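Number of protein chains: 2
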Amino acid sequence: MQLNQASQAQLSQWQSELTAEYQALQQQHLNLDLTRGKPSTEQLSLSDALDGILNGNYTTADGTDARNYGGIDGIAEAKALGANILQVNADEILVGGNSSLTLMHQTLTMAYLFGFNDPASAWKNETAPKFLCPVPGYDRHFSICEQLGIEMITVPMTATGPDMDQVEAMIKADSSIKGMWCVPKYSNPTGVTYSDETVDRIAQLGKIASGNFRVMWDNAYAVHGLTDTPQAMASIMAACRKHNTEDSVIQFASTSKITHAGSGIAFMASAPSNLKAFKAFLGIGTIGPDKVNQLRHMKLIPNMDALQSHMAKHTAIIKPRFDSVLRNLDAAFSDSDLGAWEKPEGGYFISFDAQSGCAQRIVQLAAEAGVKLTPAGATYPYSNDPEDRNIRIAPTVPTVEQVETAMQVFIVCVKLASVEAKLAA
Amino acid sequence: MQLNQASQAQLSQWQSELTAEYQALQQQHLNLDLTRGKPSTEQLSLSDALDGILNGNYTTADGTDARNYGGIDGIAEAKALGANILQVNADEILVGGNSSLTLMHQTLTMAYLFGFNDPASAWKNETAPKFLCPVPGYDRHFSICEQLGIEMITVPMTATGPDMDQVEAMIKADSSIKGMWCVPKYSNPTGVTYSDETVDRIAQLGKIASGNFRVMWDNAYAVHGLTDTPQAMASIMAACRKHNTEDSVIQFASTSKITHAGSGIAFMASAPSNLKAFKAFLGIGTIGPDKVNQLRHMKLIPNMDALQSHMAKHTAIIKPRFDSVLRNLDAAFSDSDLGAWEKPEGGYFISFDAQSGCAQRIVQLAAEAGVKLTPAGATYPYSNDPEDRNIRIAPTVPTVEQVETAMQVFIVCVKLASVEAKLAA
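Which chain is which? The protein sequence lines are Y and W, in order. Take 1 as the starting number for the first sequence in the working numbering and just add one per residue. Take 1 as the starting number for the second sequence in the working numbering and just add one per residue.
Treat each hint with caution, since some may be false.
Note that the list lumps identical chains together, so a pair holds whenever it fits in one copy or between two copies.
Unchecked claim - Pairs of lysine to any residue residues, derived as SDA-like cross-links and limited to a Cα-Cα distance of at most 25 Å, are as follows:
#, residue 1, residue 2
1, K124, E168
2, K124, M110
3, K319, E345
4, K319, L307
5, K343, V400
6, K124, F281
7, K279, S143
8, K207, A122
9, K313, N57
10, K276, M110
I should point out that these hints are in silico values taken from the structure, not numbers from a laboratory. If you're wondering where the values come from, they're calculated on a predicted model, not measured in any experiment.
Work out the full structure: start from the sequences and follow the hints.
Here's what the structure looks like:
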């Protein structure tokens, strides 16, 4: 289907055919959900041994009673795993509670209100502090900036990461840019892994930005490959060491998509100076994280080898779902101008770019046929996708059969919305 | 020992005798700790069944998979228990992660930055927002105010709670007073439980204070009696309903001193309007609390009966420690003017008021004899006990034998510091 070459008559005929097809799908009264990046039940069950895994032994490797208060930055064995995942030293890691999003929220709240270096470095002192947001990106990152009143400036994602020429030019031109969001590996939602050059250029931003600039490096999918040969990503900390910018980047990761999504443990890594300031902030609001749960996690996943074989089981479960999405998109659109998408080698999403002005209508049509999609625009700051093109597909929760059905609906909706738009043009 | 009637010669003699006694104690090279209100190992072990208690069943009563993301305000069965503890309705409760302190920190951060009602109600809009702090009180409460730059004004604690005449007069006189800290039952550190009249008068503060005034009602020791007949406290929410001030009080509690101190679950209760605003704030920084841990707790402590019999086991363990402290204080000081203290019927502390100007010296002497005490002044905002009198004794962690030894040291230190002060006067 090539809309650009189609006559008005052809478009009208397609519209009636597609409408009939769509109405038939509506008659199936489907109730399918491709909205959020959640693990499926099958994936969650991979970690059910967590409950009971301690066998009555609540003592950490260094003899700490994990049950009691204390230990603001987590237990040593969990730090060791986090340091391996994020490729940092043992004094550059902190292990928190069940949510890396919480660590990010706390980090930005602290940087905004109190500053990493001293009160003068607090972002609130700026008339209009700003953040760079590669798009499409992760809605929950954008919500934190919006809550704090940090203005978001978009930068396009490319196949190698954010457009670094633009990033560098913007930072050089505007000292009120205080940071940038990054999901560097199997990016949410495009699936792109930053190239070595991108990683190195991001590590250098600390040299051209203002002193209190911080890259929020959300490595949420660090070990979440979908193939037998996971992509390698250059170490941001190693690059920072080369450029003496260790304090310009703060890394995050978690076990949310490794063990139980709502009951995992979260990691944060940065220069010791940043962690020191953060721990002082954190210590006002907590006596420490849930160390018992950290200990449970270390019994289930004691090291990187165990982590990799655990993740291979996730891959085996979710790869068929991604394959289904990609097979359906290929079959429907590879010879058309109706959409473009990346083939991710990891992560939780497939990012679909429809024709301009069609995303909202596609999501609406799908919803009315019983297929929930992430709201159009959600992948942009302020939910404003200026071209109304991007739709994030999250295929992990439904079964393969459900993904197949949902994709059939999705495809009809894309076609119908595109034909409608062309007819209205 | 009555210092006021002692001659200089008598004082000097006491000083040499006490110094000799003190030096002998130092030779024992003790290493004892009466600093923080932590449960003892024995107490923690009461809840060791938590790990493994789910038996592979991670489903909540309403069919939710506790392992996955979601549910910002906690699982229904945990809400029911929290509502019982704090005596509120099911729509007036929220269940969080492992720390009620975190909920308090988030509450004040939100009220300060964004307001409970609308941006205009944010406390940061005040030139100098203030908080009333009954003293002696809990250092971690004061640290939150200090972090946010909320000025703290002290109010004396009495045997029935804060001096309510002063509280009411201050609030009437100053609309920049935005709230008050309360530990209403077995108060930290005095052990006082607020009288019915105090509870009722606090419920009426919302009528005389500014619209965005909030009482922070930290009911940390709600079920933590030390006797067979726990004290009853009037329900603050019932009193608020009577006076139409439901949104003026926010209650907190947790299982930190019920199950595993660092790995419990926390409760927050208030008017639905407050909870709605809080959940909107909270949802920016988390997808939800650890529901698996909430479910574990509900298996261990499904209802108030189970809770009460569980708490009776705690009482059996820690009461002998409190008895030891009180017996030693009585024996040493009941016929002297060297100190005054309350006899708590619950909670985690005994609050000791030395002679003015002696608390810091007592803590220092004790430390140098191997007995750690909470730093003098910690029970006051800005760590400033203007009379340098109050010392908080936390006897739960050491064994009874250790408490006995520590109290012998403490008593010698109190006597020695008092004699020194009298001689220097």
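query = When no copy is specified for K343 and V400, does a C-alpha distance of 25 Å or less occur within a copy, between copies, both, or neither?
reply = within (18 Å within a copy, 66 Å between copies)
message = At most 25 Å between CA atoms: does that hold for K276 and M110 within a copy, between copies, both, or neither?
response = This pair counts as both: shortest intra-copy Cα distance 12 Å, inter-copy 24 Å.
ask   = How would you label the pair K319, E345 (within, between, both, or neither) given a Cα cut-off of 25 Å?
value = within (9 Å within a copy, 60 Å between copies)
task = Pop the pair K124 and F281 into one bin, within, between, both or neither, using alpha-carbon distances up to 25 Å.
result = both (16 Å within a copy, 19 Å between copies)
query = Should K124 paired with E168 be assigned to within, between, both, or neither, using CA atoms and 25 Å as the limit?
reply = Classified as within: same-chain Cα gap 23 Å, cross-chain 35 Å, threshold 25 Å.
query = Between K207 and A122, at a C-alpha cutoff of 25 Å, which is it: within one copy, between copies, both, or neither?
reply = within (19 Å within a copy, 37 Å between copies)
request  = Classify it for me, K319 with L307: is the Cα-Cα distance of at most 25 Å met within a copy, between copies, both or neither?
outcome  = For K319 and L307, the Cα distance is within 25 Å only inside one copy (18 Å; across copies 46 Å).
request  = Have a look at K279 and S143 and pick one of within, between, both or neither, based on CA distance no larger than 25 Å.
outcome  = Cα proximity of K279 and S143: in one copy and across copies (24 Å, 14 Å).
inquiry  = For K124 and M110, with the copy left unspecified, which applies at a CA distance of at most 25 Å: within, between, both, or neither?
reply    = both (10 Å within a copy, 16 Å between copies)
inquiry  = For K313 and N57, with the copy left unspecified, which applies at a CA distance of at most 25 Å: within, between, both, or neither?
reply    = between (27 Å within a copy, 21 Å between copies)
Of the numbered hints stated above, none is contradicted by the structure.
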